[in-house]
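Visitor: Each chain, letter by letter, is given below.
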Amino acid sequence: MNNSKVILKATNLTKVYPPDIWALDRVSLEIYDGEFVSIIGPSGCGKTTFLRIAAGLEDYQEGEVLFNGEKVFKNCDWRRSVIYQDIRLLPWMTAQENIYFGLENKGLPKDEVRRVGDKWMKIIGVDNFKDKYPHEISEGQKQMVGMARVCALDPDIVLCDEPTSSLDWHTRRYLQVELLKYWYNENKTVLFVTHDVEEAVYLSQRVVCMSARPGKIKEIIDIDLPKERWEVARDDLKVLEYANKVASILSEELKRGKELELKEGH
Amino acid sequence: MSRGLKYTAITSIFLLIIILNYLIPDAANRPNQPKLVFNGMMFTFFLFALFFLVYGHFMKRQSPTRVRTIMDISLIFGSIFFLWLVTIGKLGFLDPLRWPSPNQVFYYYLADFDLLVVKSTLATVKRLAIGYFVAIIFAIPLGLIVGRYPNLHDRLYYPVAKVVAPIPPIILVPYAIELFPKIDQAVLFIIFIGAFWPIIVNTIYGVRTLDVKYIEAARTLGVSEKRLYTKVLFPGALPSIYAGLFIGLVLAFIVLAVAEGIGGSHSEPGLGWYVLYYADLFEYDKIVAAIFLIAFVVVVWTGISDRIQSRLLKWQRRVE
Amino acid sequence: MRLTKSEAVIALAGLLIWPFLILLNVTLPDAANRPNQPKEVFNSIIMIFTLILLSYLVFGILLKKQPKARVITVMNAALVFGVFFFLWLVVVGKIGKLNTHSFPSPNTVFDVFYSDFYFLTYKSSRDSIFRAFAGYFLALITGIPGGIWFGRTMRRFEVAYPLAKVTAHVPPVVYLPYAIAVFPSISHAIIFMVYIGAFWPIFINTLFGVYNVDRRYIEFAKILGASEKRILRRIIIPSAMPTILAGCLIGLVLAFVLLTAGEMVGAHTGLGFYLMYHTDIGYFDKVVAAILLISFWVFFWITFGFDMVQARLLRWMRRI
Ligand SMILES: Nc1ncnc2c1ncn2[C@@H]1O[C@H](COP(=O)(O)OP(=O)(O)OP(=O)(O)O)[C@@H](O)[C@H]1O
Ligand SMILES: [Mg+2]
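Residue numbers (our numbering), protein chains in the order written: chain A, 1 to 266; chain B, 1001 to 1320; chain C, 2001 to 2320.
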């Protein structure tokens, strides 16, 4: 894998929120084309911040982020599309219009928009509520639309910010598998931020563990499991072993994160 | 009393009015009232209420709350017309010059059909429509742009708007009439100013209070600057824009009435002119007729705009 | 308090443009078609204004008695309007290609405030402001309780809302002839019009605000055994307050619109009358002076009256 090209590269990335919150401190990370990478870490360690910088939504003070060799600095692009935790469907568009929206942004002709959009609506299973507005469907259904609109866009890298954390057990598993299949079949790159150790291990090829405040990379763990991950049982011994390993690395960080969170809650 | 009986009673008020109008002799101080038009209108109201009574209530084809609201409103209107007819038209209270009976008032829709119903109404509606729509066309795009750039808003728009927006547009009427070659243009200009400020103020408010998360989502889906305006900012600000359109219409209408009153003439009529012209001649029956006509125009206008609004805003969760 | 470079530039420019105006006025020769303009009043008013700005700047920035953002906004506004007066003075007063009849120079316009001090600046202002406040006050004490009563239950709301929406759109100016005929004096008639104009937005917003109060809170309070009065005071009024205040602001703006409209059409005193009278006899310097004075009063009452009361009220609401 290491001989394939680097698609997203962060070097010494530092982000300080005003007045003096060090969200990221000299973070360096390379993501290769076709990889599935998870970032995991305690709350407030800067996972979302990293993802937002990569998406082009946030500025940074030092270091550099390159996407396919081009600098990313507050410039958004559908090639780096995001699946959000809070989903963010545009409330004035139906499910179908939300999916067509990105395709129209690409400037595709009308029938092409329809062909691609309908294909992905069928694959993800949005078909039977496609004419509903976001406030008329459930959270799970919303996130299915949120995923379908990104998949249809055919981005080079899919950035996911805890896309499953607000979903019910069933939909969460369903979307995890859909994402895996999408990644496998279409040869995509995925950067997946999560809180959930099992999820990170089960989905990805590399798990990046971060430490809290200032956000730093603590360790990167390679997961040596087959690429057709949906065929692996979730309670497979190897999966559990990896999960234990990641969890032990994280446990002290998690504790520190909790304390930080408590302190900031007041 | 059962609901069906109550609604039947309300509906029959309008029939009762017609019957009383024929049975009771006219008041001595207002003899020989022409009854045709008023009775015709009451009959129309009757049919309207009857429709909701039979189709809505007895056949249960309309929601009960809707029928109830219609019946409440019918009761209010029915009582007003009933009292007006009986006290003024039949018993002859109050002085007849200033307080005409409904028969006299509504008769002018027939007698003064050409000037009042056709020429004045058309002219007013035309002016209102043009001035209002030009204001919309300018105010909404400008508002979207100003709302999007905080510097433009804070440094230029806000200081100007804070002082200029609340200035009553009417005080510009004399000046506009002086500066524009034709009165019609001056009137349009004033309506434009009147409607412009409320619309732009609310558009900007809508854009500035729109949650950034939607803008971010659109940007990571590769939205272009142009489509950001048409597909995100505009629909997102639309609920607030509608509040502005409402105030804008009220203001435009006030301004129009005054501007017409000052600048209008027989050759350039309008409902505002009609009212103020006949005020000078003390023909109060015509004034009341014109006021009701204006109310009618408003009903039609707001009815149409409500239809458009509920279609455009059907994505909003209804407040129940 | 530290200012960024651009903020410092704005603050300085906003201050210095005013003495610069006086300098220009004194040094540049008057336009050939309007020689010997009386400059004293314009210069003195600008001088006084400069001193006010200067003391505000000292008070705000050096003594840190005002939030920085507000000081900058004020200086920003001063700059924008300084540029406006600069253009007016130079283009009209000094270059003077425009016709003298419809485009008076600022020097002649400001001179009116002094030469016509009794009629314009004192008496007309006094009459107009009294009328505006009388009508507005009546609208407050009827519109808010009325809105609360009609907004309390769904049934009343559903009846009041459509009726209010239609009636609110009928321009109150058309009632003026009626009001003049019925009320003992024209002043009363104008107060009535101001009242009608201010009433509807206040009423409608109160209606909406009260109707849309989260029902869960009310039910919760009822379960806890709160009386109707307590529910009103502790839940309904505080949560409807922002909407009510927004309506009161629109009402105030409309009050001034109708005040000037009524005075222009019907009165024999007041700023609107002054404006219209001098339009008819063609003194546009006096017309412009009246426009400026009206704008000033509207701005004054909204900024130093309404905004301050609103801030107080919202703070007080938060405390209870
Ligand atoms: N807009 C902002 N302004 C100031 N501080 C911020 C802002 N956004 C995030 N932060 C801070 O930066 C740190 C990193 O935040 P970030 O949202 O990236 O954390 P996270 O790892 O995604 O946390 P979580 O797991 O809870 O989503 C946090 O301490 C947060 O308080
Ligand atoms: Mg996060």
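These aren't lab readings, by the way, just hints derived from the structure by calculation. Any given hint could turn out to be false.
Calculated pairs, DSS-like style, for lysine-lysine (alpha carbon to alpha carbon, straight line, at most 30 Å) [claimed, not checked]: (1) A:Lys71 x A:Lys132; (2) A:Lys5 x A:Lys71; (3) B:Lys1213 x A:Lys9; (4) A:Lys238 x A:Lys258; (5) A:Lys106 x B:Lys1231; (6) A:Lys188 x A:Lys5; (7) B:Lys1314 x A:Lys110; (8) B:Lys1314 x A:Lys71; (9) B:Lys1314 x A:Lys130; (10) C:Lys2064 x B:Lys1006; (11) B:Lys1006 x A:Lys110; (12) A:Lys71 x B:Lys1182; (13) A:Lys238 x A:Lys122.
Remember, it's a predicted structure, so these values are computed and weren't measured experimentally.
Visitor: Are the hints correct? Go through all of them and say.
Guide: Outcome of the hint check:
Under the criterion of a C-alpha separation no larger than 30 Å, the hint pairing A:Lys71 with A:Lys132 is inconsistent with the structure, at around 39 Å. Our distance criterion of 30 Å between C-alpha atoms is met by A:Lys5 and A:Lys71, whose separation comes to about 16 Å. Annotation: proposed proximity of B:Lys1213 to A:Lys9 holds, straight-line Cα distance about 26 Å (limit 30 Å). For the proposed pair A:Lys238 and A:Lys258, the alpha carbon gap of about 29 Å is at most 30 Å, so the pair holds.
Distance restraint check for A:Lys106 and B:Lys1231: the Cα-Cα separation of roughly 14 Å lies within the 30 Å cut-off, and the hinted pair is therefore satisfied. For the hint pairing A:Lys188 with A:Lys5, the CA-to-CA distance comes to about 13 Å; that is within 30 Å, so the pair holds. Distance check on the hinted pair: B:Lys1314 and A:Lys110 sit about 25 Å apart at the alpha-carbon level, within 30 Å; holds. Proposed proximity of B:Lys1314 and A:Lys71 is contradicted: the alpha carbons are some 41 Å apart, above 30 Å.
For the hint linking B:Lys1314 to A:Lys130, the alpha-carbon distance of about 16 Å falls within 30 Å, and the restraint holds. With a C-alpha separation of about 69 Å, the suggested pair C:Lys2064 and B:Lys1006 falls outside the 30 Å cut-off, and the hint is violated. Restraint check for B:Lys1006 and A:Lys110: the C-alpha separation of about 57 Å exceeds 30 Å, so the hint is violated. Between A:Lys71 and B:Lys1182 the alpha-carbon distance is near 59 Å, which puts this suggested pair outside the 30 Å criterion.
Simply put, A:Lys238 and A:Lys122 have alpha-carbon atoms about 34 Å apart, too far for the 30 Å limit, and the pair is violated.
When each numbered hint is compared with the structure, violations occur for hints 1, 8, 10, 11, 12 and 13.
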